[in-house]
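K.L.:
Taking the hints into account, I'd like the entire structure generated from these sequences.
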Amino acid sequence: MVSAPEPPPEVRRGLAGVVADTTAVSEQDGPAARLTYRGYPVQDLARTCGYEEVAHLLLVGELPGTADLHAFRRRERALRPLPAGARAALDAMPRDAHPLDVLRTVRSAAGARGAGDPRAAPAAAEGAESDAALALVARTPVVVAACARRLAGREPLDPDPDRPLADDLLRMCRGTPAHPDEVRALEMSLILYAELGFNASTFTARTVVSTGADLTAAVVAALAALGGPLHGGANEEVWRTMRAIGDPAGADAWLRAEVDAGRRAIGFGHRVFRREDPRAAPMREALAALAARCGDDGARALAMHDALVASMARAKGIPPNVDLAAGPAYALLGMPTALFSALFAVGRTAGWCAHALEQRAHNRIVHPLAAYVGPPPREVPR
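Residue numbering for the sequence shown is 704 to 1085, as defined by my numbering.
No lab work stands behind these hints, which were simulated from the structure alone.
Just to be clear, a hint being listed does not mean it is correct.
As the list claims (entries may be wrong) - Label pairs and their in silico Cβ distance ranges:
id: 1; residue 1: A774; residue 2: A1006; range: 43 to 49 Å
id: 2; residue 1: A1006; residue 2: R977; range: 23 to 29 Å
id: 3; residue 1: G949; residue 2: T769; range: 45 to 51 Å
id: 4; residue 1: A800; residue 2: P1079; range: 45 to 51 Å
Even glycine gets a Cβ: it sits at the ideal position worked out from N, Cα and C.
P.N.:
This is the structure in structure tokens:
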């Protein structure tokens, strides 16, 4: 009896709908418009916690008590200074290089090991992986701030161990202490950007660490993935769009032209959160707080955001995502547009490291199958 041919395998390009593994780091529930970090709603974390508390939650598994937070902060601040290799790589980069490219290159240089070092992940010493993750979190803002200074034709500033991470990031970027409202707005954005499940850059980090590579290699690979325009850059593009529109009164006409042309408006919709991005409302709150401090520029930025939201609601009913408010918020903080994606990376580094550590703890090398569609077996011509 001839058996029936097996059906062809189901191929889901982009791994759409594929559940690749389990995770305890975060949950994204699209229909419920819910995002939680280890069980806590992201909007509550953004409104009530500091970035270091959320980094502790992601990396350690729980929100810290007072003593744990003090210890975590001491460790993080002690790890901020860049090693010599990273400094040399930073100095060697073109001053006008895109900050994401600089960050990726400097992070790679900082993780370079001697030729005689074993290639296995250096996790044998107790706490080595935890320190490596915290060093990545601590030093990323230093490199990003150095990029801001270099783009402005100024020399980078050293970190200040007496300042919280977001506060020191603004000081290193701008050269002067920031107002608490500015620090809080930046901190909220870093928390909202810190984690979002198995997105392209995070899955890349897990794939790399699944081979036994170290955390630096995983974060460098994640940064490379973030550099692709289909993953990173939305907050940059939002602000470029707002500047091109110019006047909030022109937002409706611009948006209708985009919709009529079949183009996707950056800053709206989300692959997971089809109904509502739970990060959008707290990020809009942060934007509003900044706008209140920034006179006409702030009022115009907030009005542009709200005009675009209202226009899209009328045109297609698509809600905004976190990037629509993050872009103008970063601009009101005085950040160069090219820095916006690197600021995203400052927040997301804790999430990348949390997933890499989770992958390491329950590892199986990532090796999916592929459905072959090439020529059938054939002989090599002689």
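K.L.:
Indicate, hint by hint, whether the structure satisfies it.
P.N.:
Now for the hints, and whether the structure bears them out:
For the hinted restraint 43 to 49 Å between A774 and A1006, the CB-CB distance of approximately 44 Å keeps it satisfied. A beta carbon spacing of about 27 Å between A1006 and R977 agrees with the range 23 to 29 Å that was offered as a hint. A hinted range of 45 to 51 Å holds for the C-beta pair G949 and T769, which are about 48 Å apart. Checking the proposed 45 to 51 Å range against A800 and P1079 shows it holds: the Cβ atoms sit about 47 Å from each other.
Hint compliance for this structure: no hint is broken.
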